[in-house]
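Enquirer: Single-letter residue listing:
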Amino acid sequence: MRTTLSPLADFLSSCKSQKEVSLVLAKDEAELSSFQDALRSSGLVSADSPLQLLSVLNSDSGVYAVVRSPHAKDYYDFAVQYPTGQIELWDRTSMQAHGATPSYENSVMIFLMTKADLLSSQQEGRDFLANCGLVFQS
Amino acid sequence: MSTQPDKSLAPIEETDDAVSYAGVRLPKAESRESPLVPKKEKYAEYINDRFSVLQLQQKLAISFLMGEPILIEGGTSIGKTTAVRKMASELGWEVHYVNLNGATDVEDLMGKYIPNPNKRQPNDPEYIFADGRVTSGLRQQKGRIKVVILDEFNSAAPNVLIRLHEVLDALERGGSVVLSEDASEDITTSKQTTKVVAFTNPPGKGYVARPALDPAQLRRWVYQKLPDHLPDAAFSFAVDALFSQGEAHENIPHDNFLSPRSEPVPSEQFAEIPGLDVILQKYKEFHRAAKGLLQQRSIGSNQPQPFTYDDREEPRRVRDFVARFYNGDITETFQKALRYYYVNKLIIDEDRAKLEELINHVSYTAPATPSKRKGLDAQRVDIDAEIEERQQQILDLLGEKLVPSETKRTAESSSEREAAEVMGEGKFFGSASLDTMIPGWSAALEKLRIAIPPLPPRAEMERHAKRGDVLRLRVSKAPDGSDLTMKRVNELLQDDFKKKKDGKVLYDATEEWKLKSTFFTKDTPEVAWAFTTDTVLPDSTNKNYLDQTQFLADFLRTQLFKGEKLPKEYEEAIREFESQKAEITKLMGSDWKEAAKKLSALRLNQLRAAPVEALFDFVQTLRGTADKRRTLVDKYTWTNKLSSGGHLVGFGFCDSDGAGVGDDPPDYTLGSLGVALSRKFP
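For the record, the sequence lines run as chains A and B.
Residue numbers for the first sequence follow the numbering used here, so the first one is 1 and each next one is one higher.
Residue numbers for the second sequence follow the numbering used here, so the first one is 1001 and each next one is one higher.
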């Protein structure tokens, strides 16, 4: 698996100031891993959970999160709400809502997922493609 | 009692304590400091175009003011959630957002006991009750107003819907919602401080796993249908505004404004409203007529989400609307109420126009000053006469409208025109195509009492259009009322074929085995829409009938519904086939006639046309296309009918020598014998 940085870097520059979450689709786990490396080396901050995403939402260097099935619903809720000017996610442990306001100016918000995860989310009724803006795949 | 709108009002007007949305004034919350109140500056660039103001914000404002839960169906990109959040930011209202897609845990919504995070003393409780996402929106807090958004409502699990309906019922009566099983926790609700809005994407229409809601569930909601996409005008206005080529706020004609009264008209003062008795008579007629049109599918036929005009809810809502918005003109107020609660459930302009036509009759004209020679009784007679006249006008109108749309004299409705656009050129044969086969056929349907069924859902049309399939309407009777058998088709059209140099209809219509077979002399096409292929499906030839049936099962799974869950009817059809396959295989060797009988009856094989339907399709395509396209020009399709000898009938090779008809036992195979698709609706 060989992923050149440049097309992804081009894509990242297009993602700046978007009012929707941008989506990077990997063919498989190996490509996902290489995309992660590329995003990290581009300076993007990684969020390990949907709630953590809220805390780093407006990071100057941009944010990415790997969408995995245990949290896919929360990431989907995030993507649906991102363009509406306010995001509210629910912490099931503390039973509390956590809200955040996205600042679109110079922001980069990337969701990274494999095509297999995209398909399984679609089959469960969560259409990331319809609720994300720009999409990148190699 | 008059409160006329001020002509100087802006579409959105804000004061210190309220915001008006096209005239509908909502109070700001007294307490606006909360992380759940959207930040106003985030909506500085919001474009108040006509669509956003009238179709979203004003509708939402009316429902918020009236304390009615509103359910808006519309596409993802029209800005439903953003409109609510923008309004909440202006009003200082909290937003409690729940996306019901994949939410199956009722406790997340309604609350649960959790370990007490503040336990300090031994006597402190181990567990405390924590609100869920919905109950936090129901909880009344001084000075706060909350909006609960239930997004993707039609994706909710049944157990979730049940609990949400309890919430709506509690809100409606101002009662309590019981939160815990032992009833030790409850919340007193108030529709003054909690507003509920639900959004759904159109069922089907490319939205995965979006089933239609049960119409009975819609009763609790003020259901409003919005477009799937931003209307062109709104889109164009927004683009101009975004590039500073135009204003960010569109001028809205003030006759679209509403002006609520500070207090609703008390019910005991209804009797003082001039003309109310006349209007109510007409409203009753209107309601019955609107219901009739809906039941007859003369309106709303293309909307995948079924709904009703409820006999109890709609009149109550109209009454509340009139009480809240009466401005001294009962006709105007009533008509606006009917537009809000009846017309707004429809999306197609033609459908809306039909109701508008009826609404025009719900009017009251104050009688002229009576002649001195007339007493009160005479004045009463005038009003009664007017009621009678108006009722007759409405009934006259219904007399035309209640005739099923398919029996109308117009050969092609706007729904059919839209279907033709979806399917593409040369791929749609609707009611007008009948006239290309036999002039005057579509007009004759009325007297033949043939009801054209509603068109298939748009999502299905799009599915088949992508494959290049055809959508066609078949009917069962000839214009003269005779049954449209194969024999009759041949009789009716043979001369016309000769005259137009189209060759023959059938290669041979005189063979005895055909004349003895019901498929030739008795069977008629089923009145239905059908998605068909012009020729056999690729890879379906060189297979015996059993293998072709297996092919159909695989076709459904791997091609037509690839990557999707199969519709229940097809799952069942495949299960039926699989349960009989071994027995039929055995019968093919021992009793082929019994095998043929069983195969022809399988539900899966109803995806094949009957011979008469295949003949109908051939003639319809030939006559309905400029280039005289022929179906099955070099192939046979194996139909689902038996000949008098028990063989399975094949049909095809529709060249100028006439369409061929043959029959073979089920184990027969041929390189030119395959399966053409015929998927019928309903």
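Hints are computed from structural coordinates only; laboratory data are not their basis.
The C-beta atom is built at its ideal place from N, Cα and C for all residues, glycine as well.
Just so you know, not all the hints are guaranteed correct.
To be verified - Some, not all, of what chain A presents toward chain B, calculated at C-beta under 8 Å:
no. : residue
1   : Ser55
2   : Ser69
3   : Lys73
4   : Asp77
5   : Gly85
6   : Glu88
7   : Glu124
8   : Ala130
As the list claims (entries may be wrong) - The calculated lysine-lysine pairs, modelled on DSS-like cross-linking and capped at a C-alpha distance of 30 Å, are:
no. : chain 1 : residue 1 : chain 2 : residue 2
9   : B       : Lys1516   : B       : Lys1498
10  : A       : Lys73     : B       : Lys1568
11  : B       : Lys1477   : B       : Lys1498
12  : A       : Lys115    : B       : Lys1028
13  : B       : Lys1500   : B       : Lys1522
14  : A       : Lys19     : B       : Lys1039
15  : A       : Lys115    : B       : Lys1466
16  : B       : Lys1039   : B       : Lys1028
17  : B       : Lys1466   : A       : Lys27
18  : A       : Lys27     : B       : Lys1565
19  : B       : Lys1504   : B       : Lys1628
20  : B       : Lys1597   : B       : Lys1680
21  : A       : Lys73     : B       : Lys1562
22  : B       : Lys1680   : B       : Lys1543
23  : A       : Lys16     : B       : Lys1040
24  : B       : Lys1040   : A       : Lys73
25  : B       : Lys1562   : A       : Lys27
26  : B       : Lys1447   : B       : Lys1500
27  : B       : Lys1039   : A       : Lys16
28  : B       : Lys1504   : B       : Lys1598
29  : B       : Lys1477   : B       : Lys1516
30  : B       : Lys1039   : A       : Lys73
Enquirer: B/Lys1562 and A/Lys27 were given as a pair; does the straight-line alpha-carbon distance stay at or below 30 Å?
Expert: holds (20 Å)
Enquirer: Against the 30 Å threshold, does the CA-CA distance of B/Lys1504 and B/Lys1598 hold or violate the hint?
Expert: Violated: B/Lys1504 and B/Lys1598 sit about 34 Å apart, past 30 Å.
Enquirer: Measure nothing beyond the straight line between the CA atoms of B/Lys1466 and A/Lys27; if it is 30 Å or shorter, mark the hint as holding.
Expert: At roughly 26 Å apart (the allowed maximum being 30 Å), A/Lys27 and B/Lys1466 satisfy the hint.
Enquirer: Mind checking the alpha carbons of B/Lys1039 and A/Lys73 for me, to see if they're no more than 30 Å apart?
Expert: holds (25 Å)
Enquirer: Given the hinted pair B/Lys1039 and A/Lys16, is their alpha-carbon gap at most 30 Å?
Expert: holds (22 Å)
Enquirer: Holds or violated: are the alpha carbons of A/Lys73 and B/Lys1562 at most 30 Å from each other?
Expert: holds (24 Å)
Enquirer: A/Lys27 and B/Lys1565 were given as a pair; does the straight-line alpha-carbon distance stay at or below 30 Å?
Expert: holds (23 Å)
Enquirer: Would you check whether A/Gly85 satisfies its interface hint, that is, whether its CB is within less than 8 Å of any CB in chain B?
Expert: holds (4 Å)
Enquirer: For the pair we were handed, A/Lys115 and B/Lys1466, check the Cα-Cα distance against 30 Å.
Expert: holds (23 Å)
Enquirer: Given the hinted pair A/Lys19 and B/Lys1039, is their Cα-Cα distance within 30 Å?
Expert: holds (16 Å)
Enquirer: CA of B/Lys1040 to CA of A/Lys73, is that 30 Å or under?
Expert: Holds, at about 27 Å.
Enquirer: Does the alpha-carbon distance linking B/Lys1039 and B/Lys1028 stay inside the 30 Å limit?
Expert: OK: B/Lys1039 and B/Lys1028 at ~14 Å, within 30 Å.
The structure is inconsistent with the numbered hints 1, 2, 12 and 28, although it conforms to all the rest.
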